[in-house]
Structure formats: C-alpha cells, structure tokens
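Participant: Listed below, chain by chain, are the residues.
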Amino acid sequence: MSLLAVSGLTKRYRRGGGTVAAVDGVAFAIEPGETLALAGPSGSGKSTIARLVLRLTEPDAGTIQFEGADFRSLGGSALRARRARLQMVFQDPLAAFNPRATVARVLDDPLRIHGIASRTERPRRIAALLERVGLGADLAPRAIHEISGGQRQRVAIARAIATKPSLIVLDEAVSALDVSVRGRILDLLLDLQATERIAYLFISHDLGVVRAVAHRLVILDAGRVAESGDARAVIGNPQSAIGRALVAAAPRLNRTTAP
Amino acid sequence: MSRLHRFLRSPEAIAGTAILALLFAMALTAPLLFPGDPQAIAGPALLPPFQDWSLPLGTDRLGRDVLAELFHGARTSLAVGLSAAGAALLIGAVVGTLAGFAGGLIDEVLMRITDAFQTVPGFLLALAFVSIVGPSLGVVVAAIALGAWTGPARVARAEVLSIRERDYVAGARVIGMHPLEIAFREVLPNALPPVLALSSVIVAAAILTEAALSFLGLGDPNRVTWGAMIAEGRAVLRTTPFLSIIPGIALVLTVLGVYLAGEGVVETTAVRRSLS
Ligand SMILES: Nc1ncnc2c1ncn2[C@@H]1O[C@H](COP(=O)(O)OP(=O)(O)OP(=O)(O)O)[C@@H](O)[C@H]1O
Ligand SMILES: [Mg+2]
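Protein chains in written order, with our numbering: chain A, 106 to 364; chain B, 386 to 661.
These are computed hints drawn from the structure, not numbers from a lab. Note that beta-carbon positions come from the ideal geometry of N, C-alpha and C, so glycine has one too. Take these hints with a grain of salt, some might be off.
Reference excerpt, derived from the structure (chain A facing chain B, CB under 8 Å, subset only) [said to hold, decoys possible]:
1. Met193
2. Ala201
3. Asn203
4. Arg205
5. Pro215
6. Ile218
7. Ile221
Required output: the full structure, derived from the provided sequences and hints.
Facilitator: So this is what it looks like as structure tokens:
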C-alpha cells in the first residue's frame with residue numbers, strides 16, 4: 106500500500122467576486138522510501154498542496170490516506186500524535202523558527218512533545234541529531250539567528266527527523282541556499298533516505314535538482330496535474346505544454362543535454 | 386550600550402527617569418524617614434510650609450505632617466499604578482492572544498466583550514466597581530485594571546493575527562505542539578513589544594484614576610493617597626491652598642515622569658527595530 110495517497114484534493118480561495126481553485130482535483134501517491142517531486146510554475150498550487158497534505162490548511166474536497174489511515178478524519182490529540190510521522194522542511198529556515206529560539210530548544214520541542222526522550226536524556230539526543238545532520242553538538246546553545254543559512258537548514262532537517270517520520274514534505278527546501286551548500290544538503294537528504302527509508306514530497310521549481318533527487322515527478326499547472334511519471338522520463342521527454350516550457354526554462358538541463 | 390546611549394541623549398527621557406527615580410526613592414524610604422502612622426497628628430493644625438524644620442511642608446487641618454503624607458502617598462500611587470497597569474497588560478495580552486490565535490467564534494465573543502468594556506469610560510467602570518465591592522487596595526487595583534485592559538487586548542490581537550500566519554507557527558503545528566502552547570509560548574512573547582509600548586500611558590492613567598477615586602473618597606481608607614490629600618485640602622482651599630497644591634504638583638510630576646520615561650524607552654527601542 107502507498108505511504109501517502111491523495112485523490113480529488115481540492116482547495117478554493119475567494120478572489121474578487123468569485124472563487125479560484127488553487128488546487129483542483131489533484132491525485133498522487135508516494136511509496137515508502139520514495140521521492141516524489143512536485144514541479145510547476147509559480148502559483149500552480151505546490152505550496153497549497155504541501156499545506157493540505159500536512160493538515161495546516163483544510164481541503165474543500167479530497168481524501169488523504171497516510172500510513173493506511175484516513176488522515177483527514179484525525180483531529181485534536183490523535184492528529185498531533187500522528188504528526189510525528191509526517192514532517193516538513195520550509196523554504197526559508199529563518200522564518201521557519203521562532204526568532205527567540207535556540208538550536209537546542211528547536212530540537213527539544215519535538216522530543217518533548219512526542220515523549221521520545223526524558224528530560225535528562227534529551228541533551229544527548231539533541232547532540233546525536235546535530236551530529237546526524239553534520240553539525241557539531243557545540244551549536245546547541247546558539248540562537249537560531251546566530252548560525253548560517255546552511256546550518257539553519259540542517260537544523261530544520263534535524264528537527265524533522267527527530268520524531269522518526271516516514272515522510273517529509275520539503276517545500277523549496279534548498280531553493281534559498283547557495284549552490285555549493287545546496288549540493289551538500291541534497292546529499293544529506295539522499296543519505297537520510299538511504300539509511301532511514303524516509304519518503305520525500307519534494308517541491309521545487311528547479312528541474313535540475315528534481316532530476317538529481319526524485320524518483321517520480323508530478324507537474325502541476327494552475328492547480329491540476331498536467332503530467333506525471335518517472336522523473337527522468339518526464340524531464341527527458343515532457344508531454345504537456347507546461348512540462349516542455351519548464352524543461353526549456355531550466356538552464357542546467359539545457360547545458361547537460363547540449364553536446 | 387548604544388541603546389542606553391541613545392536613551393540618555395534624549396533630555397525628556399532623562400527628566401522622566403529622574404522624576405521616577407525620585408518617586409521610587411520616596412516610596413522606598415517613606416517607612417524609614419517617616420516611621421509610624423503618617424495619619425497621626427504631628428503638630429499644630431494648618432502650619433504653613435517652611436516654618437518649622439521638623440515639619441518642612443507644614444501640617445493639614447488635623448495637624449498631620451504633609452511631607453510624611455506625601456512620601457507615603459507616593460507608595461500608594463506607585464503600588465496601585467504599577468499593579469493595575471500590570472494586571473491590565475496581562476489580561477489584555479491573554480485575551481488578545483486567545484482571540485487572535487483562536488479566531489472564529491472565540492474571537493467574536495472575546496472582541497464583543499472587549500467592545501462592551503471599551504464603550505464604558507474606564508473611570509466610571511472603576512467608580513461603579515469600587516462602590517459595589519467596597520474600597521480596599523486590591524479592589525482599587527482590580528477596578529482600574531478593569532477599565533484599562535481593552536487597549537492592550539486590541540494591540541495584542543492585531544499583532545497575533547499577523548504572527549500566526551508565519552512559517553514558524555506552521556512549523557510548531559507540524560511538530561504536534563498543543564495550540565495553547567503555540568499561542569502562549571511561541572506567539573505571545575513575539576507579540577508583546579507593541580503591547581508593552583502602551584505601558585507608560587496605562588501606568589500614568591492608572592495613577593490618575595487612583596487619585597480620582599481617592600479624591601471621591603473611594604480609595605483605601607487605611608492608606609494615605611495624594612487624591613485624598615487634595616480632597617482634604619479642598620475644604621480649606623481659600624485660606625491654605627498649599628494643602629491641595631503640594632499633592633497636586635506631586636501627581637502632575639509623577640504622571641509626566643512616567644510618560645516621558647516610557648516614551649523614551651519606546652523611542653529608543655523603536656529606533657533599534659527600524660535600524661535592524
Ligand atoms: N491563503 C491564501 N489566500 C488566497 N489565495 C491563496 C492563498 N494561498 C495561496 N493562494 C493562491 O493559490 C494559488 C497557488 O498558490 P501556491 O502558493 O500554492 O503556489 P506555488 O505553486 O507554491 O507558487 P510558488 O512557486 O510561487 O511558491 C496562487 O494563485 C495563490 O495566489
Ligand atoms: Mg510555493
């Protein structure tokens with residue numbers, strides 16, 4: 106059975122007089138340990154899908170099956186408990202943390218909330234998490250705004266894996282980073298996937314990055330699925346107009362396909 | 386350090402801080418300099434100021450030491466002003482955070498209650514409350530806070546409404562944090578600065594309200610207050626105006642000092658924020 110299966114996912118927003126469907130009948134599935142990429146032009150509904158899947162926004166219609174259960178029917182403490190298995194990494198790691206937080210507190214929260222480690226045990230777990238994402242344990246007492254963007258995104262990943270999730274949603278999680286930092290973060294994500302069998306819903310407008318990390322790809326256009334399939338196959342031979350436009354607009358792809 | 390520097394470069398802020406420092410010194414030293422009951426008779430009645438150096442500001446109608454009353458009155462003014470303002474800010478911050486963060490029906494209900502409180506002038510509310518419950522220090526503090534929490538509630542709600550859309554709040558939900566913990570631990574502390582910026586105005590208003598209640602005889606009868614002193618002096622206003630003028634000046638200076646120092650703090654922190 107799929108790890109995550111959504112179907113008929115729909116979200117409308119009021120605009121002007123009428124309503125606009127930001128997400129319109131979207132369906133896709135993610136298998137355990139797999140990376141599914143969502144690509145599409147700006148405003149095509151990628152971030153909205155991320156928020157719907159995470160139950161940060163309520164859909165107008167559609168089903169979300171996660172780990173074999175109806176994720177939409179969960180509420181209150183049952184939903185909060187299940188959230189341990191479904192995590193997220195945001196695009197801007199500075200905006201994604203409380204401006205007053207320290208690295209230690211950011212990692213302590215999920216461990217405390219889900220009862221993963223006792224109070225005395227948590228500092229050791231935090232150090233281990235930092236180590237797992239390639240950071241030193243000496244970073245723990247630092248304030249979030251005192252560390253670099255790349256370090257911050259590693260902390261965000263450490264926070265996401267703290268509760269041993271089966272799926273992490275990454276909304277443009279590497280887009281704000283320098284090219285060199287981006288490569289190393291992608292390597293970390295691939296390494297985590299290989300060792301912990303974490304699945305990713307990988308949202309990106311950069312098809313070069315998508316081709317490097319994704320197994321399958323869904324291309325969105327105006328809230329609908331334009332095409333989907335094996336990531337390399339879709340990028341190598343896009344069938345939809347929007348797919349061809351995205352491939353044509355990706356500079357790194359052009360360079361590698363040219364002789 | 387640079388914040389302190391900027392603060393010290395503003396003459397208004399320095400004046401305000403100096404007045405406040407003097408006030409605190411008076412309040413703290415009152416039981417040392419004037420031990421015993423300040424309402425006890427200390428000399429002949431209606432002694433004018435600067436006549437007798439053991440009673441520098443003279444005595445009132447009953448022969449009580451005006452300077453001792455002034456010092457002990459500073460205690461009441463500060464205690465009531467600060468605790469009423471603290472209570473108002475606390476209530477306002479909690480109500481505003483709950484309304485802004487919960488939204489929907491809870492927001493609707495809490496804001497209607499806020500509207501209701503706001504339409505009644507704070508002083509009338511305090512007057513009614515003290516008349517019903519009876520005058521004591523705690524009741525006076527509660528009465529003043531009751532009329533002063535709506536401003537902080539509105540400011541807190543507006544701030545929370547903008548903060549709750551930020552990614553870090555979504556991040557807190559994603560890790561399964563309880564909504565109340567998100568509201569009070571993640572959102573409220575970041576919504577506080579503009580709420581605290583109201584504190585100088587609220588403290589000043591609270592001190593004035595306390596004086597007005599005391600003037601009307603609704604203060605704590607066991608405590609010396611400047612409002613009660615002014616009321617006392619009113620009976621002999623034509624012959625010995627100093628009995629009303631001295632506590633009146635103290636009151637004006639206090640309110641001015643609180644306001645100036647508060648504005649100085651707000652100004653320096655606002656500059657800091659617009660620079661960063
Ligand atoms: N809270 C909201 N209220 C109203 N409209 C919204 C809201 N959130 C998103 N939308 C609209 O829904 C559409 C999809 O937005 P979304 O953020 O999902 O796009 P996106 O694919 O993530 O774009 P980008 O690549 O720029 O991040 C847009 O037209 C957007 O204006
Ligand atoms: Mg987006």
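Participant: Each hint should be assessed against the structure and marked as holding or not.
Facilitator: These are the hints, each one checked on the structure:
no., hint, result
1, Met193, "holds, 5 Å"
2, Ala201, "holds, 5 Å"
3, Asn203, "holds, 5 Å"
4, Arg205, "holds, 6 Å"
5, Pro215, "holds, 4 Å"
6, Ile218, "holds, 5 Å"
7, Ile221, "violated, 11 Å"
Of the hints listed earlier, the one the structure fails to meet is number 7.
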